[in-house]
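Start from the sequences and build out the full structure, keeping to the hints where you can.
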Amino acid sequence: MIRTLTVASLALSLAACSGDRSTAPDAAPDNAARLITANPPPAAPADTGPDANSAHDGHVRPEEYALLGQKFPRFTATMADGQTFDSSVLNRWMVIQVWGTWCSDSLKDAPYAAALATAIEQDPDLYFLSIHVPQNADKTSDQDMYGAYGSVEAYFAEKGYSYPTVIDSDASVREALKITWTPSYILMSPDGVIRGFRTDLSVAGGEPVKDFLKEAARVKGEVRKAEFGGTPLPATIGPQGAMRLTGETPFTLDAMKAAFPGHEILSDRAMAGEQSYPVFLVQTIAADGMAGRLVYVVEPDWTLGMVGSVVTRNPAVTGPDGGTVGTMKLKDLTEEARARCTLEPGPIDSLFICPDNAGSRQFIRAFGAGSDFDGRLDDASPDYRQEAVLLEMKFIPPQAGKNP
Numbered sequence: 000m001i002r003t004l005t006v007a008s009l010a011l012s013l014a015a016c017s018g019d020r021s022t023a024p025d026a027a028p029d030n031a032a033r034l035i036t037a038n039p040p041p042a043a044p045a046d047t048g049p050d051a052n053s054a055h056d057g058h059v060r061p062e063e064y065a066l067l068g069q070k071f072p073r074f075t076a077t078m079a080d081g082q083t084f085d086s087s088v089l090n091r092w093m094v095i096q097v098w099g100t101w102c103s104d105s106l107k108d109a110p111y112a113a114a115l116a117t118a119i120e121q122d123p124d125l126y127f128l129s130i131h132v133p134q135n136a137d138k139t140s141d142q143d144m145y146g147a148y149g150s151v152e153a154y155f156a157e158k159g160y161s162y163p164t165v166i167d168s169d170a171s172v173r174e175a176l177k178i179t180w181t182p183s184y185i186l187m188s189p190d191g192v193i194r195g196f197r198t199d200l201s202v203a204g205g206e207p208v209k210d211f212l213k214e215a216a217r218v219k220g221e222v223r224k225a226e227f228g229g230t231p232l233p234a235t236i237g238p239q240g241a242m243r244l245t246g247e248t249p250f251t252l253d254a255m256k257a258a259f260p261g262h263e264i265l266s267d268r269a270m271a272g273e274q275s276y277p278v279f280l281v282q283t284i285a286a287d288g289m290a291g292r293l294v295y296v297v298e299p300d301w302t303l304g305m306v307g308s309v310v311t312r313n314p315a316v317t318g319p320d321g322g323t324v325g326t327m328k329l330k331d332l333t334e335e336a337r338a339r340c341t342l343e344p345g346p347i348d349s350l351f352i353c354p355d356n357a358g359s360r361q362f363i364r365a366f367g368a369g370s371d372f373d374g375r376l377d378d379a380s381p382d383y384r385q386e387a388v389l390l391e392m393k394f395i396p397p398q399a400g401k402n403p
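Mapping the sequence shown onto numbering that gives the first Met the number 0, position 346 (from 1) lands on 345, and the numbers just tick up by one.
Careful, some of the hints might be misleading.
[What the hints assert, rightly or not] Under the rule of at most 30 Å between Cα atoms (straight-line distance), these lysine-lysine pairs were calculated in the DSS-like manner: (1) K177 / K107; (2) K209 / K107; (3) K224 / K107; (4) K158 / K70; (5) K213 / K158; (6) K224 / K70.
[What the hints assert, rightly or not] Label-pair distances were calculated between CB atoms; the ranges are: (7) K158 / N135: 18 to 26 Å; (8) R91 / E343: 14 to 22 Å; (9) G204 / Q142: 33 to 41 Å; (10) D190 / T75: 33 to 41 Å.
No lab work stands behind these hints, which were simulated from the structure alone. In this text the structure is predicted, and so the values were computed from the model without any measurement. Using N, Cα and C, we set each Cβ at its ideal position, and we do this for glycine too.
In structure tokens, the structure reads:
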């Protein structure tokens, strides 16, 4: 159903999109949906107006962003669907849209934002988040923020849009993000650093969504080359280690970069029962439109603040005898090596846990019922259990002061 707006609500929806202006000039198209990745050097102010020290284009839209190169702020808020949001969970490449239904430029931009969110859904290496903010801290009533729509959900329902949206109910998020214009777009890398910024897509020429994604891909490539450059080493794992992680290693991002050159390192969390714990994901660097592939998961030993284990389930990683996940079978081990295996219960089915050395669990293979295995390993005959396939390889670094 088409919503009829009153004159008062129409005037509200056309409010200026700068947090401190009562009017906004008409916009002319920019040349492209380019991302600002570095702020211009400060210039001597030509006047003493409120924006004398801020760079703007000819339409009052900012050409710089205070948080470029800095960490994305920590905050909590409520999502439009009622869930609690914590910005600390953002650990992937993110496009973050900051906007408001009270803002005419945001409403003009909305079809582009929706198309961008849809396009990003097809990219496993990029995520989209929307943040709805008020004009300022003095305009936080429902009428001020949403006008005749009443809520973001109602606006989305009328327009047919759907993407995750955080609600800034008191302008605290807007202030934390130092947003001076809506709509704005922020590109954030997995380490939480803000890498790019721009305002309205609707004032960009060309194909704004496609051009924006090309810009994002360019920035991602530059960051990855700078952060995780170097020639990738062969992906191997065994009793001697995994790539350059061969011994006692701090559980830090810098140590991971040194251990796995030419690979992207992501921070994540894994679950153990009802408890979560931090892990590093080591993956190939995305290129040519292909997402990065997970190579290793690095888990901590918090008793020492060191790496506790390196695990792989990637079939491209080579084990000690050339064996790989998904192809090597239990029967391929020597009789002596099979004698060290123990059948241990797993969450779904039992696994053969096979340490490389009888006196040490420094390198372990896990064999189980693969995709071509007929039935459960628990129920298989002793002979058929030899067909169990390699599912995982794990390297456990020796730790000073701990027994092997």
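Against the structure, the hints:
1. K177 / K107: holds (22 Å)
2. K209 / K107: holds (18 Å)
3. K224 / K107: violated (36 Å)
4. K158 / K70: Not satisfied, since the Cα-Cα distance of roughly 33 Å exceeds 30 Å.
5. K213 / K158: Holds, at roughly 27 Å.
6. K224 / K70: holds (19 Å)
7. K158 / N135: 18 to 26 Å: About 25 Å separates the Cβ atoms of K158 and N135, which means 18 to 26 Å holds.
8. R91 / E343: 14 to 22 Å: Cβ of R91 to Cβ of E343: about 34 Å, so the range 14 to 22 Å is violated.
9. G204 / Q142: 33 to 41 Å: Between G204 and Q142, where Cβ atoms are some 35 Å apart, the hint holds.
10. D190 / T75: 33 to 41 Å: violated (20 Å)
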